[in-house]
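Engineer: Given next are the chains, with one letter for each unit.
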Amino acid sequence: MPAESGSNRRPETGAFFQRDRTWHPPALTPNYKTSVLRSPQKALLAFDNTMSEIAGPVFGHAMLGELDADLIHNFARPGESAIGERIIVHGRVLDERGVGVPGALLEFWQANAGGRYRHKKDSYLAPLDPNFGGCGRAITGEDGGYAFRTVKPGPYPWPNGPNDWRPSHIHFSVFGHGFAQRLITQMYFEGDPLIWRCPIARGIPDKAAIETLIAALDMQATIPFDARAYKFDIVLRGRRSSLFENRLEGN
Amino acid sequence: MAQSLDRLRESPSQTAGPYVHIGLTPNFCGIGDVYPNDLGAAMVNDKTRGERIGLRIRVLDGTGTPLKDALVEIWQADANGLYNSPAELRGTADPNFIGWGRCPTDMDTGLCTFDTIKPGRVPFSDGRLMAPHITLWIVARGINLGLHTRLYFSDEEEANGQDPILARIEHRVRVPTLIAERKGDIYVFDVHLQGEKETVFFDS
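As they're listed, the protein sequences go chains A and B. Here the first sequence is numbered in the UniProt record's numbering, starting from 1 and rising by one per residue. Here the second sequence is numbered in the UniProt record's numbering, starting from 1 and rising by one per residue.
Hints were generated in silico from the structure; no laboratory data involved. Heads up, a few of these hints could be off.
EDC-like mimics (lysine to aspartate or glutamate), calculated; alpha carbons at most 20 Å apart, straight line [stated by the list, open to error]:
no., chain 1, residue 1, chain 2, residue 2
1, A, K42, B, D108
2, A, K42, B, D190
3, A, K120, B, D108
Let's have the full structure, built from the sequences with the hints guiding it.
Structural biologist: Structural data, given as structure tokens:
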């Protein structure tokens, strides 16, 4: 399939770098109780990427609606807006080589300013906001950049320990160029003391790895008298160059 | 000290959580009007080439209970074994088939269904043909890093016997965990997250 129109970039077809599974949370994190019965226990089957992992679907900008990257307005009644601290979340999707990933589909979802999700399974006391749905999406530009507008989600209690609270967070789902880059993660907010008490965040063994999920307050990207900004970069698996592979492409 | 390689590290994964539907299938969970439809809900149209098949997939936890809050994505080649992707240099895939689908497990039954086509065979890196297969990616509350596996087809015994990935499974009793059972036009596939029948998951 040709690359998106207007681009004459040669598609990359190299295999992806091995995933460093010690950097990710292990499948079994007993302090996050739901993982106990949902974690595979046998060894994974390891193999170098085949075409099935190297290839991935493409999502074009044409599928985006005008308000997809504006959670303040995309569920709101005309002339109204969601309640909460107005923020902009922006950053880049990069791969492990430090190269921007253009055309990456990002889908994000979150609780409202009071910490309540618009979902029938969420029964937290905090009220729904009639003007807030909680989902949005964006496709990265040529440099891997993206931005969206939302309200800062509230922390909320969840049934794990008797008194566990999730830190404020936004869920991100990311498609890169190959299906092996598929990733879901969560963005946290700088300065939130709940991050270090959270069994889900703390499932990541390395403190430095957790810190890569904490968005920084970015006053330079703030819109005065409108919204503060947080910067959140996402890194996907890098890929090997196919220049020195001992077989030519496509055979 | 040697020079720095200046590489970044992949962002660590976090669970999709119980409310994954809000972000990935909002129409399914009652958030209409934001997107016209849920992405990946329809995989084929009238012009798509290939044999129509249905997949009925369940994801079961360590007690054998189906997950009712999981989300499954599938990724597959077209009927000729070509991927609809810029990385596909062997030819042009069927323009009426994206090859990617997404389905949440039903909140009551745990069933997740796809209407798709039987994929063609795709070459392994050494040129041998792999058996027809569909890549699965599973996320849910309690799953810290998306699980990657494949669905192969019970009526492709000969191709399965030559498949280089299936051949790498050391404990042969585990091979059937990757093979969906054909029942008419439907393939039935249970993913076991744990236990004796634990599905073979991949690190690739």
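Engineer: Evaluate each hint against the coordinates.
Structural biologist: Okay, the hints, checked on the actual structure:
no.	hint	in the structure
1	A:K42 - B:D108	violated, 29 Å
2	A:K42 - B:D190	holds, 17 Å
3	A:K120 - B:D108	holds, 13 Å
Checked against the numbered hints listed earlier, the structure breaks hint 1 alone; every other hint is satisfied.
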